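In terms of this note's numbering, the sequence shown opens at residue 55 and continues consecutively.
Treat each hint with caution, since some may be false.
Label pairs and their in silico Cβ distance ranges [said to hold, decoys possible]:
1. Ser-545 x Asn-590: 26 to 34 Å
2. Ser-294 x Leu-79: 41 to 49 Å
3. Lys-536 x Pro-592: 27 to 35 Å
4. Val-307 x Val-64: 47 to 55 Å
5. Phe-318 x His-170: 53 to 61 Å
6. Ser-393 x Thr-84: 30 to 38 Å
Because the hints were derived from the structure by calculation, they are not lab data. Quick caveat: nothing in here was measured; it's all calculated off a predicted structure. Note that CB positions come from ideal geometry on N, CA and C, so glycine has one too.
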Amino acid sequence: MLKKWLNSNVKQFFVITFISVILTLILFSTHIYDYIVNGTVFSGAGDGFRQMMPFQMYLYEHLRSFSSLYDASFGLGGDYMKGLSYYYSLSPLMWLNFLFIKIGETVGIFNPTTIHFWPTNQLIMAMIRAIITFVVTFYLFKILHFKRSANMIATILYGMSTVVIYFNFTWSFYGNLLYLLPLSILGLERYFQQRKIGIFIVAIALTLFSNFYFSYHQAIIIGCYYLYRLIFTYKYDIVSRTQKLICVISATVLSVLSSVFGLFTGISAFLENDRKQNPNVDIPFLTPLDYHYFFFSDGFYITISILTIVALLSFKLYRFYFYRLFAIVTWILFIGSLSQYFDSAFNGFSFPERRWVYILALSSSALCGLFIQHLSTLNMKYYLIRTIPVCIIAILYVLLSPTHPLALIVGIILLIVLAVILKFSLWRYKKLTVAILVLIVMIQQIVILDNNKNMAIKPYQQSLSTLKQHDYHSNYVNQLIKKINQNATGSFNRIDYMSDYALNSPFIYHYNGISLYSSIFNGDILKYYDKTLQINMPIDKNSTYRLLGNRQNLLSLWNVNDRIRVNNDD
55 MLKKWLNSNV
65 KQFFVITFIS
75 VILTLILFST
85 HIYDYIVNGT
95 VFSGAGDGFR
105 QMMPFQMYLY
115 EHLRSFSSLY
125 DASFGLGGDY
135 MKGLSYYYSL
145 SPLMWLNFLF
155 IKIGETVGIF
165 NPTTIHFWPT
175 NQLIMAMIRA
185 IITFVVTFYL
195 FKILHFKRSA
205 NMIATILYGM
215 STVVIYFNFT
225 WSFYGNLLYL
235 LPLSILGLER
245 YFQQRKIGIF
255 IVAIALTLFS
265 NFYFSYHQAI
275 IIGCYYLYRL
285 IFTYKYDIVS
295 RTQKLICVIS
305 ATVLSVLSSV
315 FGLFTGISAF
325 LENDRKQNPN
335 VDIPFLTPLD
345 YHYFFFSDGF
355 YITISILTIV
365 ALLSFKLYRF
375 YFYRLFAIVT
385 WILFIGSLSQ
395 YFDSAFNGFS
405 FPERRWVYIL
415 ALSSSALCGL
425 FIQHLSTLNM
435 KYYLIRTIPV
445 CIIAILYVLL
455 SPTHPLALIV
465 GIILLIVLAV
475 ILKFSLWRYK
485 KLTVAILVLI
495 VMIQQIVILD
505 NNKNMAIKPY
515 QQSLSTLKQH
525 DYHSNYVNQL
535 IKKINQNATG
545 SFNRIDYMSD
555 YALNSPFIYH
565 YNGISLYSSI
575 FNGDILKYYD
585 KTLQINMPID
595 KNSTYRLLGN
605 RQNLLSLWNV
615 NDRIRVNNDD
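Based on the sequences and whatever the hints tell you, model everything.
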């Protein structure tokens, strides 16, 4: 019996993983093509080139040699494990990646000591995170009692959402959130419905350990989800409210204890960091009516199917437990999006950023999947009353918008196909009907992704040739720095050099510098610059400090024996 159970579950896992790999290859197909044929790097020209890839290389070089956590090369010197805790330093997935790279370097396959290696790794890791996201999401929707067809559609909507590409492209470490959220909910549901708490403990421990900022986001949404499930019981729950309360709290405590190193590192880094905002910057209450913030077409941060609107307006379906739950979450996110204070709250009450859109991607995908699952319970009139106005507005937007978004047309086709299925009861031809729906949903997502790529990805892309340009990684400067390092009399010698584009030049060229560009570092350094050194830096940001104002006494104090200037020394 056990052998049969193991075989069935293992077989299912491999089938799901295989499908996830295929979907991921489709999702990244254009980016793989662009990288192989055109040399287009899957990483943002801003933070991707300045932070993501340099930080990964820096961490790998220090972790593989088991260097002290404090290192003189981290800006003016600092704890790089703590300073990069917001990024990759505490990510178990990145550690596994580093282990694989180390094996490849040992056998002579990889050369990770140069920045030219890391664009390939960036793309591969994005795809791995996407595969994990597909697999975990499928299992989540399965335990929520989605039928196979609805599960597949909802998983495609989430796994092939613009957020998956946007997060992995812009801030690749945020790609971990895309599978940690469904994994945490999966853990809760396994306890509520099967009395198995292990996955929940692992998911929360991973979240707390890997990134304190992730923990902040997750605490909000998982906390709300847990309270809803605690107050309103589901028919398949096998534990009482008291058991939910005691066991989940106990499991959370265990997760905290097992992740204490990462959690302490992340919290202490956050507390030491200077996150004060410029007092002259006002956060507007209302969100601007700008295409960046649109949800159903031309959205910069996220674009979702117009089927979501019809699903939200189908109040008859709110009698289904999880339909109601995901509808409420989606309504709250839509209403909250009207104010930039909502964006600020999800960014630690600092400058507004739409980091919460991955939650909307999951809730709207689940809602659309459940709508299709329960479509047969609606009558034609009820469906058309909600669908026709949505289609009319969508058509008007397509005609009047300068972009003429094709995604809305595909969305309208999806709504028409659903109407035909409902009218003629085509669910009796289940395989064909499901295949058509899955195909249309995939086409819709591909069109949405293509539109989003032109808007949010292409303008910020760079090619591999950028890595060889003088303002990023010049061969001449590289050879010069190598010569300086070889002739250095001590390990604390510093070089006064920083490219205006590659702000983290010390990481790229492997030298001790006097600059750093990172969201997290000890805030006392900024006070040191302002109060003690009295240096007026050229840019007023709490995420960077740079150089020493060309003052000879300070250069001598910090053991700067060499200066490199490509242009005029100003």
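Hint by hint, here is what the structure shows:
no.	hint	result
1	Ser-545 x Asn-590: 26 to 34 Å	holds (31 Å)
2	Ser-294 x Leu-79: 41 to 49 Å	holds (45 Å)
3	Lys-536 x Pro-592: 27 to 35 Å	holds (28 Å)
4	Val-307 x Val-64: 47 to 55 Å	violated (32 Å)
5	Phe-318 x His-170: 53 to 61 Å	violated (36 Å)
6	Ser-393 x Thr-84: 30 to 38 Å	holds (35 Å)
Checked against the numbered hints above, the structure violates hints 4, 5; every other hint is satisfied.
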